[in-house]
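Sequences are here, hints too, so could you generate the full structure?
Those protein sequences? They're chains A and B, same order as listed.
In terms of the working numbering, the first sequence opens at residue 1 and continues consecutively.
In terms of the working numbering, the second sequence opens at residue 1001 and continues consecutively.
Each hint should be verified, as a subset may be incorrect.
To be verified - Beta-carbon label-pair distances, calculated as ranges:
(1) B:1210 <-> A:396: 58 to 64 Å
(2) A:219 <-> B:1024: 35 to 41 Å
(3) B:1266 <-> A:379: 54 to 60 Å
(4) B:1020 <-> A:275: 16 to 22 Å
(5) B:1042 <-> A:213: 34 to 40 Å
(6) A:399 <-> B:1209: 36 to 42 Å
(7) A:382 <-> B:1264: 46 to 52 Å
(8) A:328 <-> B:1024: 43 to 49 Å
(9) B:1264 <-> A:187: 43 to 49 Å
(10) A:99 <-> B:1089: 36 to 42 Å
Note that these hints are calculated values from the structure, not bench results.
Every residue gets a Cβ at the ideal spot worked out from N, C-alpha and C, and that includes glycine.
Listed below are the residues making up each chain.
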Amino acid sequence: MMKKFAAVFLVLMSVLSLSLTAFADETTTAATTTTTPAEEKDYSHLEGTTLYVYNWGEYISDGSEGSLNVLAAFKEKYGITVQYSMYDSNEDLYAKLAAGGTNYDVIIPSDYMIARLVAENMLEKIDFDNIPNYQYIADEHKSTYFDPKNEYSVPYTVGMVGIIYNTKVVDGTPDSWSLMWDEKYSGQILNFNNPRDAFSTAQFLLGQDANSEAPADWEAAFEKLKEQKPLIQNYVMDEVFNKMEKGEAAIAPYYAGDFLSMADNNPDLAFFYPKEGTNIFMDSMCIPKGAANKEAAELFINFMLEPEIAVANADYICYASPNTAVLESDDYELKGNEYLYPAEGDKPETQYFHALPKTTLDLMNSYWNELGIAGSSNTALYIALAGVAVVVIAAFVFAAVRKKKRA
Amino acid sequence: MKTKMSLPSKLYTAMILLFLYAPIGVLIAFSFNASNSTAVFEGFSFKWYGELFRDSMTLNALRNTLIIAVGSSVFATVLGTAAAVGINAYKSKPIKNSVMSVTNIPMMNPEIVTGISMMFLFVFIGRMLSVSNVLGFWTLLIAHITFNLPYVILNVLPKLRQTDVHLSEAAMDLGCTPAKAFFKVVLPAIMPGILSGLIMAFTLSLDDFIISHFVSGPASQTLPLRIYAMTKKRVTPDMYALSTLIFVTILLLLLLTNLSQTRADKKANKIVKIAK
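Below is the structure:
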């Protein structure tokens, strides 16, 4: 009987994996593209090769909900198979690259991480002759601080942090970071659950440089956060979606693109860029040192900038696109969106995060830990746990004593 | 024999079951949600199930996961059973015990230590052979076999101890070769242990994240790795659909095991009765 069961189990599993293969193959051939820009170069020798792409999770149009399957389209067009894998933070990506043992051809880190990778000589210079579509990138997104000479990176998405609020709870039209310090909304305010982003909210309010290396600035920001802590419901990352959609919280700083998807589920939500200025980020496509298939990597980057592909990605990701062809396209569902693309006069002052020196990072982290302990919200928990521990120990002692007595 | 449960104990049992199954219940409920929100239920639909089977990346990850789980659990079961038989055959107690401890260490070792050390080992060997992309399917498979092994050994050894040593001797007296005696007599006797080892190895491999995180390469993303990478934006509801399907599959598997077990028990009872 047992043997039979083992056989059934193995057969079941192998059938399942086989049928999945069939499914996966079916879906990859579904999408097709029609763009045929002027291509002087012949890429047929790359056919049959493999390209390793390492990107953020949920950061490419993948064919779900009727979108375009970008990777399948790339394979269809050039015959290059893309092996796609994902990370969830810049630090994760850095660790994987630094450890070695892997070959990636295209990676998409954020601004400050690109600066670090360039400084540590971990990026390959891109041959822009192979990327004619670079012409579509808006000039305002070129020559950034992390790549002033435009050698290493090609912009993929940009975004800014703003404040999301529930119009049913918040009165009037707020325009300042001070909303997050408003005692009227105590217990309804969320903040980021990572030190850099959380500190930046206080730094912007105080009018500081978010990349300041002066300890006094960080201390001032820390005092501000400590002052805010009693009002905060929770420090969150992606739980912010649930809390804001359900109306559990009323005020939260997050990215404009994510506000759009929250607003789909809760029409009471509104968004503004604080007048004091805010953080801007850019995720750009780069080629790491040691890429085995650099030519295909450049071809892929160029492909990602093609209007039709870029529109599909921009619609899927919901972040702002640096691609002018996307901004002008009528197929782009978010064309001219007031939150992603604020008009010239409404544009907030923005600052990129730079890679901070170690001493500043340590200072920030120690303040962050102190902030975590500062609020005594956990004391009750500690007392309860201690109580339980005492009861358990008492029970053990009691049982032991009784046993001894009996013996 | 039959005693009625008192109200407090009924309540207590219900509470425990609620704690165990409420999260899964919520997950299953929201896999049928018409919108992509995990906060607002907007009506019943199979939308995310359809979405799941159109998501080639997820299916690819699921396929990798299943191949690794089946491959590593079968491999580990074969190796582990052989190892258990070998350990059991040691005459000297101290040697037996020390070998047991050594095989148990990987189980007690924090996964993160195992993961990092394996990654360094693979990268080191890769450098020696001057292969720059050593991390991938094979390293993942080797790592999974490694952490599965002790669990198989731990499941098989007790069964071996329970079996009478003289059984295989008797089989050989009756004309079996040693190999035949092992396969005909010992193996069936320890089969339940082997099977539970196999299933344990399979489930462990299925949901391993930490070790896989370190030793996987660009071409070998597993499902846990993919789901984790989604946490920057948000986990899409087709993952709830997938989790629901996995849960139902496991549930069916479990029911099947229990059913076959009770049937086997009944059969055994009958034989005993007839013998009487």
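Consistency of the hints with the structure:
1. B:1210 <-> A:396: 58 to 64 Å: At 33 Å between Cβs, range violated.
2. A:219 <-> B:1024: 35 to 41 Å: violated (46 Å)
3. B:1266 <-> A:379: 54 to 60 Å: Hint holds: Cβ distance 57 Å, inside 54 to 60 Å.
4. B:1020 <-> A:275: 16 to 22 Å: violated (50 Å)
5. B:1042 <-> A:213: 34 to 40 Å: Taking Cβ atoms as reference, residue 1042 of chain B and residue 213 of chain A lie about 49 Å apart, which means the hint is violated.
6. A:399 <-> B:1209: 36 to 42 Å: At roughly 39 Å between Cβ atoms, residue 1209 of chain B and residue 399 of chain A fall inside 36 to 42 Å, so the hint holds.
7. A:382 <-> B:1264: 46 to 52 Å: The hinted range 46 to 52 Å holds for residue 382 of chain A and residue 1264 of chain B, with Cβ atoms some 51 Å apart.
8. A:328 <-> B:1024: 43 to 49 Å: holds (48 Å)
9. B:1264 <-> A:187: 43 to 49 Å: violated (59 Å)
10. A:99 <-> B:1089: 36 to 42 Å: holds (41 Å)
The earlier numbered hints that this structure contradicts are 1, 2, 4, 5 and 9.
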